[in-house]
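Student: Now for the letters of each chain:
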Amino acid sequence: MQIYLPIADVAVNAFLLLGLGGVVGVLSGLFGVGGGFLITPLLFFIGIPPGVAVATGSNQVVASSVSGVLAHLKRKSVDIPMGTVLLVGGIMGSAAGILVFNWLQSLGQIDLVVQLSYVVFLGFIGLLMAQEGLRSWRRARNPGARRTKRHQHHWVHNLPLKMKFRASGLYISVIPPVLVGLVVGVLAAIMGVGGGFIMVPAMIYILGMPTKVVIGTSLFQVIFVSAFTTMAHAVTNQSVDIVLAFLLIAGSVVGAQVGTRLSGRLKAEELRMLLALLVLAVAIKLALDLLLTPSDLYSLYPGGAP
Amino acid sequence: MIRALLLLVLLGAAPAYAETVVAGLSLDEVGITSSFDGTEVLIYGAVRRDAPEPAGPPMQVIVTLEGPAGSVTIRRKDHIAGIWINTEEVGVSATPSYYSVASTGPLDEILDPAEDVRQRISVPLAVRAFSGPLEVEDARPFTEALLRIRVAEGQYSLAEGSVKLIEGTLFRADFKLPANLVEGDYKVRIYLLRGGEVIDLYRSALPVRKIGLERTLFLMSREHAYAYGMMSLVLAVVAGWAASAAFRMLRR
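So the sequences go chain by chain: Y and B.
Letter 11 of the first sequence, counting from 1, is numbered 11 in my numbering, and no numbers are missing.
Letter 114 of the second sequence, counting from 1, is numbered 420 in my numbering, and no numbers are missing.
One or more hints might be untrue.
Here are a few chain Y residues that face chain B, going by a calculated C-beta distance under 7 Å [said to hold, decoys possible]: (1) 2; (2) 9; (3) 70; (4) 190; (5) 207; (6) 210; (7) 231; (8) 234; (9) 253.
Okay, the calculated beta carbon distance ranges per label pair [claimed, not checked]: (10) Y:137 with B:374: 52 to 62 Å; (11) B:518 with Y:74: 17 to 27 Å; (12) Y:210 with B:374: 35 to 45 Å; (13) Y:289 with B:454: 19 to 29 Å; (14) Y:161 with B:374: 53 to 63 Å; (15) B:526 with Y:137: 49 to 59 Å; (16) B:544 with Y:88: 18 to 28 Å; (17) Y:285 with B:454: 19 to 29 Å; (18) Y:84 with B:517: 41 to 51 Å; (19) B:466 with Y:285: 35 to 45 Å.
If you are wondering where the hints come from, they were derived from the structure by calculation, not from laboratory data.
Computed from a predicted structure; not experimentally measured.
Note that the Cβ used here is the ideal one computed from N, Cα and C, for glycine as well.
The following block holds chain Y by itself, in its conformation from the complex:
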């Protein structure tokens, strides 16, 4: 069934959009990522104009994150104080990120920067997670092997303004989470995503949060960061397509519920390994786009004769 999208100005199959939303929803419930890094390239692929894909993608991320976080709240796996601290940094970061985005756009190189940052960050994070996943998998196979210490005391633990985060079992300074939120916020705004896929590893590896609360907490803060981004797009460039958003959301909220249930059944190592493979696959696909000779060297961008 074809449906005409009022802002994107194209007709697409409604069931394709529902399915796309569903798949991304399952992933977001499973891994605690909003799914922005997948939905945006997938929308490009089916012919939605890039501006509309980025803006509408962030609206969809709000819905799947709300749906996911409610399930996590039920399981008490959301660290709300930590999420709030991250959010403070996140909002400052995305405000700064939008300025950087506009500056790059005026230079005419935003596409390249977006693609390169996807490749670099996704590749780096994917490798990091795959390595960690392999290590814990091996450890699970020979229990006699030497274990690395889970809580390492390094510079992160010697900063002032300490705060107790009970759900995470941490007593650390608020400075690192604010900085993590800030950096993720900047990247999220530039790349047009919620930032969960950067936030999740940062919480595990930099802040030392237990994997159990990471997903819920990430979803919690992604809701607000992507709501902020959606509003910014709706007001500045009118590129949020509510009909497209509705179809994606209808699919993804159901998918997110399924994914959240699944995440309770999978082991943490398996979960991490799966996310690592997924992230690497997207990074490789994007890297190939930059490295392989394009089928047509010329491309058209509507509007804007500079």
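Assemble chain B onto chain Y, guided by the hints.
Tutor: Just chain B, lined up with the frame of chain Y:
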């Protein structure tokens, strides 16, 4: 010189054998609703004569349909430091979003090239109205790329021989409008030709508008951006909550 003379003769002779177009469209306007999936437009007409059909080269008909113009930027990628990145670009300030030509025969046989230049009938001439300070030495590959990409996507097309002329009087042309239409007034032009020269031109317009819910949402996104953004967010939050609540009910 000879051509100018010919034209004079033709113009002088025209009133004697005046041949004009009367035409109509199968649609008064195209309304884009949420179920819009492209549409077919039939343009039909007849040749009205004050005198019997003159001898000489046979009557030919060309029908064009042109969508509203918009600006577009054409970028070229180059291989720099191992990766393909956009380097040069050409901005075209006004090029039709849709342009389709239907004719009774091959354009190079029925249309004089000089007449084509004057009337801008064939696809490359109709589209080639680019402007702006060009930062590149040779803009031709860029405009060729514009044509190539838009032809491949079905936005520009040429259907030679698709216009049927019956008894030298009645004709019809069918156009298939794609689903990704740009709103605006589509210009219909019907050219009558003899011996490669245009002897009459008929113009009409086909408005293409979003209607119903599509129009409401589109206007709201432009005129009440804050409310529209809030509405999108409320939709997202409510949908997220509803799915969560529904699944809880199911599990009980």
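Student: Looking back at the hints listed earlier, which ones does the structure fail to meet?
Tutor: Numbers 4, 5, 6, 11 and 12 - these are the hints that the structure violates, sorted from lowest upward.
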